[in-house]
Amino acid sequence: MRIKAPNVMILLLFLLLLASAAAIMIGSVSVPVSEIFSEDFRAILMLRLSRIILAGIAGASLAVVGAILQGLLKNPLADPYVLGISSGAGLGAVVAIASGVSLLAGGSYSLPFFAFLGGILATLFVYFISKKAARVGTEDLLLSGVIVAAMLSGLIMFVVSTMETEGMHSSLWWLLGNTQIFDMKLLTIVSVVSIFGIAISILLARNLNIMSLGEEEAIAMGLNVERIKIIFFAISSLITAAVVSVCGLIGFVGLIIPHVTRRLVGPDHRSLIPASALCGATFLILCDILARKLMSPMGIPIGVITAIVGGPFFIILLKKARRPQFR
Amino acid sequence: MAFLEIKDLKSGYSGRTIIDGVSFSIEKGEFVGIIGPNGAGKTTLLKTMTHILSPSGGGVFLEGKDVHRLNSTEMARRFAMVGQDLRSIFSFTVKDIVLMGRTPYIGLFNSETGDDLKMVDHVLELTDLKDFIERPIDELSAGERQRVLIAKALAQDPAILLLDEPTAHLDIGYQMEILELVRSLKRERQLTVVCVLHDLNLASQYCNRIILLDKGKVADFAPPKDILKYDTIEKIFGATVLVNEKALPGSPLVVPIARSRP
Numbered sequence: 003m004r005i006k007a008p009n010v011m012i013l014l015l016f017l018l019l020l021a022s023a024a025a026i027m028i029g030s031v032s033v034p035v036s037e038i039f040s041e042d043f044r045a046i047l048m049l050r051l052s053r054i055i056l057a058g059i060a061g062a063s064l065a066v067v068g069a070i071l072q073g074l075l076k077n078p079l080a081d082p083y084v085l086g087i088s089s090g091a092g093l094g095a096v097v098a099i100a101s102g103v104s105l106l107a108g109g110s111y112s113l114p115f116f117a118f119l120g121g122i123l124a125t126l127f128v129y130f131i132s133k134k135a136a137r138v139g140t141e142d143l144l145l146s147g148v149i150v151a152a153m154l155s156g157l158i159m160f161v162v163s164t165m166e167t168e169g170m171h172s173s174l175w176w177l178l179g180n181t182q183i184f185d186m187k188l189l190t191i192v193s194v195v196s197i198f199g200i201a202i203s204i205l206l207a208r209n210l211n212i213m214s215l216g217e218e219e220a221i222a223m224g225l226n227v228e229r230i231k232i233i234f235f236a237i238s239s240l241i242t243a244a245v246v247s248v249c250g251l252i253g254f255v256g257l258i259i260p261h262v263t264r265r266l267v268g269p270d271h272r273s274l275i276p277a278s279a280l281c282g283a284t285f286l287i288l289c290d291i292l293a294r295k296l297m298s299p300m301g302i303p304i305g306v307i308t309a310i311v312g313g314p315f316f317i318i319l320l321k322k323a324r325r326p327q328f329r
Numbered sequence: 008m009a010f011l012e013i014k015d016l017k018s019g020y021s022g023r024t025i026i027d028g029v030s031f032s033i034e035k036g037e038f039v040g041i042i043g044p045n046g047a048g049k050t051t052l053l054k055t056m057t058h059i060l061s062p063s064g065g066g067v068f069l070e071g072k073d074v075h076r077l078n079s080t081e082m083a084r085r086f087a088m089v090g091q092d093l094r095s096i097f098s099f100t101v102k103d104i105v106l107m108g109r110t111p112y113i114g115l116f117n118s119e120t121g122d123d124l125k126m127v128d129h130v131l132e133l134t135d136l137k138d139f140i141e142r143p144i145d146e147l148s149a150g151e152r153q154r155v156l157i158a159k160a161l162a163q164d165p166a167i168l169l170l171d172e173p174t175a176h177l178d179i180g181y182q183m184e185i186l187e188l189v190r191s192l193k194r195e196r197q198l199t200v201v202c203v204l205h206d207l208n209l210a211s212q213y214c215n216r217i218i219l220l221d222k223g224k225v226a227d228f229a230p231p232k233d234i235l236k237y238d239t240i241e242k243i244f245g246a247t248v249l250v251n252e253k254a255l256p257g258s259p260l261v262v263p264i265a266r267s268r269p
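Sequence order for the protein chains is A and B. Heads up: take any position in the first sequence, counting from 1, add 2, and you land on the numbering used here. Heads up: take any position in the second sequence, counting from 1, add 7, and you land on the numbering used here.
Just chain B, same shape as in the assembly (with noise of 0.2 Å):
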């Protein structure tokens, strides 16, 4: 059995169809990246993956379980969420925030207890934000607040991570950082971890396998040196791309090569 296995799924919003017919599955531990064009599904992929999204047809089982069939607190002990960013309309300080993620082990009347708050301790730790505990979330940058949905993401103690284009609007160094402290936690932690990426070269590095959804089905799903071939890039995204295999072993680079020269 599977760890984690997606069955012909179907979703979508309000009767339109996003994804159709999707299935695959993942080993514990693995660290899989889902590519693919705009409005090919990924994130709704990943939403139905959680509560966020009901499928209309198929399923998510993990260890052979229905996800969907999982209370909201059963469902958010096993899988967390990270955005592309956090907007707090109220300013929250990153405590705050980072407390936030016990909630599925808090109850409906209660607060947090010492073991809650120990357990943030650590996550803190971990994503190196001990300096900011009482720093307003809003006051922090882009990367910073990223570091802090990880770690609220991590306070939910789960054992999958679903990552939606977590480094979207961070500049080069900040998205080696998270994705390397993704991949540092995948391993402290046995984590598994789904991340959509939109950059195919951090995608081929970090990921051991990647989906390629294209349409709302899953065109390929293999290894990074299978999926990123020139010719595949250019049919599924329609972009000329150079790709070069040499430079790092089993992780191919990927070159957009422009139409014209200037």
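Isolated chain A (complex conformation) (with noise of 0.2 Å):
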């Protein structure tokens, strides 16, 4: 494999590092930094690590995802949500609180199960509308995914409108995002899914840079477009379900992110995808922090977060572009 910027990937790795040690450091709890890894606080420290896990392996995956989409269909908006998965996961959430199975036996199960249920199955309606004949059209997906996502959300809505106020909390709460998990059984099957996802993507990175000089030129030269369309969609639903059936929906990440990898290691998917994924899963561990140590012990959701500190800081990248990344 050919990576092109060795050294800014050591840097990226090692800022990653360094997040993860801020996130074990600091919490809504205030632990002296000298006693964390004593047996007093064996419970925090799990719960912290499990924390920066999953808010690593989010981040990485959204931005894996991003970074993806934006190549394969030739769109600087394109973002893991654009297929339609967001709304989906959220319906199935939203259905699972509200006729009460995640409060059944087995519902710290029943709830990512329905979100992520409903994020393939938005997916796969996607992917059937915009399919004509043998190929699928890139615009059309866009626009099927917009509309689809547009149907969806009111639906949520309506969902959300007949609860009591609680199931209303926990919502909003999901559909705001969070990385806080109980259940490491969940937490591995995450991980294992993403990891595993993120690693073909890079193996085929390659494809996507013959794919982002437009469907006939890919053809032309022999690349078997369909085929890796159909590779790469299924890649990015299955981690993106995967990470928003627990998260929620934390959004920004899958946007901003590999437009600011674009920027440090240049267009090249082979070093633009696992540069996103370490770049997403700092992004995010940071964002944790504040999550967590704002407001404390309530803290806020996340996708406020990313939001609120993803948006300026993209504009200013923006302004102090010397050139478009995208034309």
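Hints were generated in silico from the structure; no laboratory data involved. Any given hint might turn out to be false.
[As the list claims (entries may be wrong)] Simulated crosslink set (DSBU-like; lysine-lysine; CA at most 35 Å straight-line):
id: 1; chain 1: B; residue 1: Lys35; chain 2: B; residue 2: Lys224
id: 2; chain 1: A; residue 1: Lys321; chain 2: B; residue 2: Lys17
id: 3; chain 1: A; residue 1: Lys133; chain 2: B; residue 2: Lys17
id: 4; chain 1: B; residue 1: Lys35; chain 2: B; residue 2: Lys137
id: 5; chain 1: B; residue 1: Lys232; chain 2: A; residue 2: Lys134
id: 6; chain 1: B; residue 1: Lys125; chain 2: B; residue 2: Lys35
id: 7; chain 1: A; residue 1: Lys295; chain 2: A; residue 2: Lys187
id: 8; chain 1: B; residue 1: Lys14; chain 2: B; residue 2: Lys224
id: 9; chain 1: B; residue 1: Lys222; chain 2: B; residue 2: Lys242
id: 10; chain 1: B; residue 1: Lys102; chain 2: B; residue 2: Lys193
id: 11; chain 1: A; residue 1: Lys133; chain 2: B; residue 2: Lys222
id: 12; chain 1: A; residue 1: Lys133; chain 2: B; residue 2: Lys14
id: 13; chain 1: B; residue 1: Lys125; chain 2: B; residue 2: Lys102
id: 14; chain 1: A; residue 1: Lys134; chain 2: B; residue 2: Lys236
id: 15; chain 1: B; residue 1: Lys236; chain 2: B; residue 2: Lys17
id: 16; chain 1: B; residue 1: Lys224; chain 2: B; residue 2: Lys72
id: 17; chain 1: B; residue 1: Lys35; chain 2: A; residue 2: Lys321
id: 18; chain 1: A; residue 1: Lys322; chain 2: B; residue 2: Lys137
id: 19; chain 1: B; residue 1: Lys35; chain 2: B; residue 2: Lys14
id: 20; chain 1: B; residue 1: Lys222; chain 2: B; residue 2: Lys35
id: 21; chain 1: A; residue 1: Lys134; chain 2: B; residue 2: Lys17
id: 22; chain 1: B; residue 1: Lys232; chain 2: B; residue 2: Lys17
id: 23; chain 1: B; residue 1: Lys102; chain 2: B; residue 2: Lys242
id: 24; chain 1: B; residue 1: Lys193; chain 2: A; residue 2: Lys134
id: 25; chain 1: B; residue 1: Lys14; chain 2: B; residue 2: Lys193
id: 26; chain 1: B; residue 1: Lys236; chain 2: B; residue 2: Lys35
id: 27; chain 1: B; residue 1: Lys222; chain 2: B; residue 2: Lys17
id: 28; chain 1: B; residue 1: Lys224; chain 2: B; residue 2: Lys253
id: 29; chain 1: A; residue 1: Lys133; chain 2: B; residue 2: Lys224
id: 30; chain 1: B; residue 1: Lys35; chain 2: B; residue 2: Lys17
id: 31; chain 1: B; residue 1: Lys193; chain 2: B; residue 2: Lys242
id: 32; chain 1: B; residue 1: Lys125; chain 2: A; residue 2: Lys134
id: 33; chain 1: B; residue 1: Lys242; chain 2: B; residue 2: Lys17
id: 34; chain 1: B; residue 1: Lys224; chain 2: B; residue 2: Lys137
id: 35; chain 1: A; residue 1: Lys322; chain 2: B; residue 2: Lys102
id: 36; chain 1: B; residue 1: Lys14; chain 2: B; residue 2: Lys236
id: 37; chain 1: A; residue 1: Lys133; chain 2: B; residue 2: Lys72
id: 38; chain 1: B; residue 1: Lys222; chain 2: B; residue 2: Lys14
With the hints in hand, could you dock these two chains into one complex?
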């Protein structure tokens, strides 16, 4: 594999470790730095570690899927939610909450399961709308993604409006994203799915470079374009649905991190995808520190932080840009 | 057996037939031009000669083998396509782009090897792009970008080079430069060239034979001196022209004549 900016990669890895270390030290409960690894604070340490892992995995996954879809759809506005996954998963989650299945036995699994199922079904729906004859049009895919998302959002609002206050509160909390996880098995499943997906994406990244020149160019260069599209849509939907099913909707990471990373390592997806994974993980771990620390002990939903912190950061980058990265 | 044979080819978009029963055959090493009015099906014909479009009838046969039965990499090792311009949304460098031409030789999960890099160095030399290797593609002029596209096509090491109006966005100097380059490559590498051209005078001077396409059918296929006649051009293009057959032997020059004087 040809990685273009090894120094930048090492720097990004170092930053990720630094952010993780900070996230172990800082939390809603003050623990003296020297004692965080002691037996007394074992429970707090485990809690923080699981949050760091989940935030890292979620950030890396969302950033990688954003990079994949921006290249594949040739659209700078593409993000992991553009194919309708978010609203599908959202509908699954609020249905689980409203129907009460999330309170039944095995409740900690039923909400993620419903969300995952909703996300995958919505994506399949979007995929089949845009499939014409043997081909999937990328413009059609974007449009049907937006339309399906709008329809499902209406349904989400309807389900939420029928809820009691308590259900409304947990729905809202889920819809705004969170990195709290109590079930280690669930964390393991999500981590495995996402790491596996990211690894395959890195191995196949060269094909995204070809795809970004346009489908006809790619066919003329001997790429099996339909197969590449299906593989990348499958990877994207699976890891996004997995992440969303436990974290809820964390916006902005998948949109801005690939743009920021492209400025650091250039447009070659073989460097862009691993670098986006590192940047996304670091960014979300840092945002999670803020989410825990601000207004503690309640905390703020992490999706709120990513939008409030990420937005201005991105605007500054856009203003400083020497030349457009996208045309 | 002809080198490249197009038999009763039919093709179009979503049920609408654009080319309707096109047949012709080309010998190895020929430079064949395709001319014809807008909408005659020139680009559709080129796309159906590769896998970009599937034929709805007939076929394309290279040394007797049906091109549409080859898999995508086998096709791309034989045919390379050069379009009007490259619209990359990302600023890849010249070297990045030309390396992408090696795609049919690289496995799905693999990256370029030293041999691919060597091949790319060679085609960058041939196309005189050595000084541009690290330049972002979007900082080049249209003429330079066209050379990059030709280099990328050569990196595919094809037997047949298909060009779709490669000079459409270029000034007269670059138009000549690009076609001279294609002609010299054709000679050195025994390439077979099929090139859609709008400029009849360029077609006249660079092509061994010209296919005149009209309403999805081959109206004529012959050397330039037999195609570029004032009455043929008036009939097919609806343009009044003056044809000078004497200035360059074998290459008639076509001058459009305005309907009124200023």
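For each hint, the structure was consulted:
no., hint, verdict
1, B:Lys35 - B:Lys224, "holds, 23 Å"
2, A:Lys321 - B:Lys17, "violated, 51 Å"
3, A:Lys133 - B:Lys17, "holds, 24 Å"
4, B:Lys35 - B:Lys137, "holds, 30 Å"
5, B:Lys232 - A:Lys134, "violated, 45 Å"
6, B:Lys125 - B:Lys35, "holds, 27 Å"
7, A:Lys295 - A:Lys187, "holds, 26 Å"
8, B:Lys14 - B:Lys224, "holds, 12 Å"
9, B:Lys222 - B:Lys242, "holds, 13 Å"
10, B:Lys102 - B:Lys193, "holds, 23 Å"
11, A:Lys133 - B:Lys222, "holds, 30 Å"
12, A:Lys133 - B:Lys14, "holds, 31 Å"
13, B:Lys125 - B:Lys102, "holds, 12 Å"
14, A:Lys134 - B:Lys236, "violated, 44 Å"
15, B:Lys236 - B:Lys17, "holds, 28 Å"
16, B:Lys224 - B:Lys72, "holds, 23 Å"
17, B:Lys35 - A:Lys321, "violated, 54 Å"
18, A:Lys322 - B:Lys137, "holds, 32 Å"
19, B:Lys35 - B:Lys14, "holds, 17 Å"
20, B:Lys222 - B:Lys35, "holds, 27 Å"
21, A:Lys134 - B:Lys17, "holds, 20 Å"
22, B:Lys232 - B:Lys17, "holds, 28 Å"
23, B:Lys102 - B:Lys242, "violated, 46 Å"
24, B:Lys193 - A:Lys134, "violated, 39 Å"
25, B:Lys14 - B:Lys193, "holds, 24 Å"
26, B:Lys236 - B:Lys35, "holds, 27 Å"
27, B:Lys222 - B:Lys17, "holds, 12 Å"
28, B:Lys224 - B:Lys253, "holds, 30 Å"
29, A:Lys133 - B:Lys224, "holds, 31 Å"
30, B:Lys35 - B:Lys17, "holds, 23 Å"
31, B:Lys193 - B:Lys242, "holds, 32 Å"
32, B:Lys125 - A:Lys134, "violated, 41 Å"
33, B:Lys242 - B:Lys17, "holds, 24 Å"
34, B:Lys224 - B:Lys137, "violated, 42 Å"
35, A:Lys322 - B:Lys102, "holds, 27 Å"
36, B:Lys14 - B:Lys236, "holds, 27 Å"
37, A:Lys133 - B:Lys72, "holds, 31 Å"
38, B:Lys222 - B:Lys14, "holds, 17 Å"
Figure legend: structure checked against the earlier numbered hints; hints not met, in rising order: 2, 5, 14, 17, 23, 24, 32, 34.
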